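Numbering (numbering that gives the first Met the number 0) for the sequence shown: 0 to 163.
It should be emphasised that the hints constitute simulated quantities derived from the structure, not laboratory data.
What you are looking at is a predicted structure, and each value in this text was computed from that prediction instead of being measured.
A few of these clues could be false.
Restricting the straight-line Cα-Cα distance to at most 25 Å, the calculated cross-link-like pairs of lysine to any residue (SDA-like) are [unchecked claim]:
1. 128 with 55
2. 127 with 75
3. 125 with 39
4. 128 with 30
5. 128 with 6
6. 127 with 4
7. 128 with 70
8. 125 with 53
9. 128 with 4
10. 128 with 44
11. 125 with 59
12. 125 with 64
13. 128 with 59
14. 127 with 48
15. 128 with 5
16. 127 with 28
17. 127 with 5
18. 125 with 80
19. 127 with 57
20. 128 with 85
21. 125 with 55
22. 125 with 16
23. 127 with 36
24. 125 with 68
25. 128 with 62
26. 128 with 58
27. 127 with 16
28. 127 with 58
29. 125 with 44
30. 127 with 43
31. 128 with 69
32. 127 with 41
33. 125 with 28
34. 127 with 33
35. 125 with 35
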Amino acid sequence: MRARIDLRARTAHAALHTAGHLVEAVGRMQGWEMVAGNHFPGQARIEFQAPRTDPRLTDPEGREEVTAALRVAVAAAVADDLPVFARCLADGRRVVHLDELHSAPCGGTHVRSLGDLAEVVLPTLKVKKGRIRVSYTATHAPYSASHAPYAAPHVSGTPTHRSH
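Starting from the given sequences, assemble the full structure and let the hints guide the process.
This is how it looks when you write it as structure tokens:
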């Protein structure tokens, strides 16, 4: 069996997925709890529930104010180029970390560091039926040969066979 990884698609998904963790992290800084997420291109969003009523979310100016705060926090984390890494727990669960900022169980694909994110855009958040929806887009920063997003795996010329 042979598999081929589409590097452009993988880096695009890694950027969206990692940006989703970052949006979750900055939403938690507001005191919100994540209740849903979607990292698909064109649909990417994190949905939160606020544990208490936030008067800023009741009018358009307040929602823009909160969105601006989220944008500033996201931009700061990207500018700090925080490392992104995974660790496996004793029970086998994989936990992804955005340095000390955030951690969550996750089996997805991620960028190496937040500095690999480019064009992280958060339109003004929406509130519907008590849920706070933060949509976003993100791309992977251009890379050079000296800073490729993924190391090419070593592939031998002889296929590996497993006994079942």
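Right, here's what the structure says about each hint:
1. 128 with 55: 16 Å, holds
2. 127 with 75: Violated, at about 28 Å.
3. 125 with 39: With a Cα-Cα distance of about 18 Å, the restraint between residue 125 and residue 39 holds, given a limit of 25 Å.
4. 128 with 30: 18 Å, holds
5. 128 with 6: Since the Cα atoms of residue 128 and residue 6 sit roughly 39 Å apart, the hinted pair is violated (cutoff 25 Å).
6. 127 with 4: It is violated: about 38 Å lies between the C-alpha atoms, which goes past 25 Å.
7. 128 with 70: 23 Å, holds
8. 125 with 53: 13 Å, holds
9. 128 with 4: 40 Å, violated
10. 128 with 44: 16 Å, holds
11. 125 with 59: Distance ~9 Å between residue 125 and residue 59 Cα, so the pair holds.
12. 125 with 64: Given that 25 Å is the threshold and the Cα spacing comes to 12 Å, the pair holds.
13. 128 with 59: The hint holds at about 16 Å.
14. 127 with 48: 10 Å, holds
15. 128 with 5: 39 Å, violated
16. 127 with 28: Distance of about 20 Å is within 25 Å: holds.
17. 127 with 5: Given pair residue 127, residue 5 is violated - Cα atoms ~37 Å apart, limit 25 Å.
18. 125 with 80: Violated - the C-alpha atoms of residue 80 and residue 125 are around 28 Å apart, more than 25 Å.
19. 127 with 57: 11 Å, holds
20. 128 with 85: 34 Å, violated
21. 125 with 55: Cα-Cα ~12 Å, so holds.
22. 125 with 16: 20 Å, holds
23. 127 with 36: Given pair residue 127, residue 36 holds - Cα atoms ~15 Å apart, limit 25 Å.
24. 125 with 68: Satisfied, since the Cα-Cα distance of roughly 15 Å is no more than 25 Å.
25. 128 with 62: 15 Å, holds
26. 128 with 58: Answer holds: residue 128 to residue 58 is near 15 Å, not above 25 Å.
27. 127 with 16: 23 Å, holds
28. 127 with 58: 12 Å, holds
29. 125 with 44: Roughly 11 Å between the alpha carbons, so the hint for residue 125 and residue 44 holds.
30. 127 with 43: At roughly 17 Å apart (the allowed maximum being 25 Å), residue 43 and residue 127 satisfy the hint.
31. 128 with 69: 21 Å, holds
32. 127 with 41: 19 Å, holds
33. 125 with 28: Within the cut-off at roughly 18 Å; holds.
34. 127 with 33: Holds. Residue 127 to residue 33 sits at ~15 Å (cutoff 25 Å).
35. 125 with 35: Status holds; Cα separation ~14 Å.
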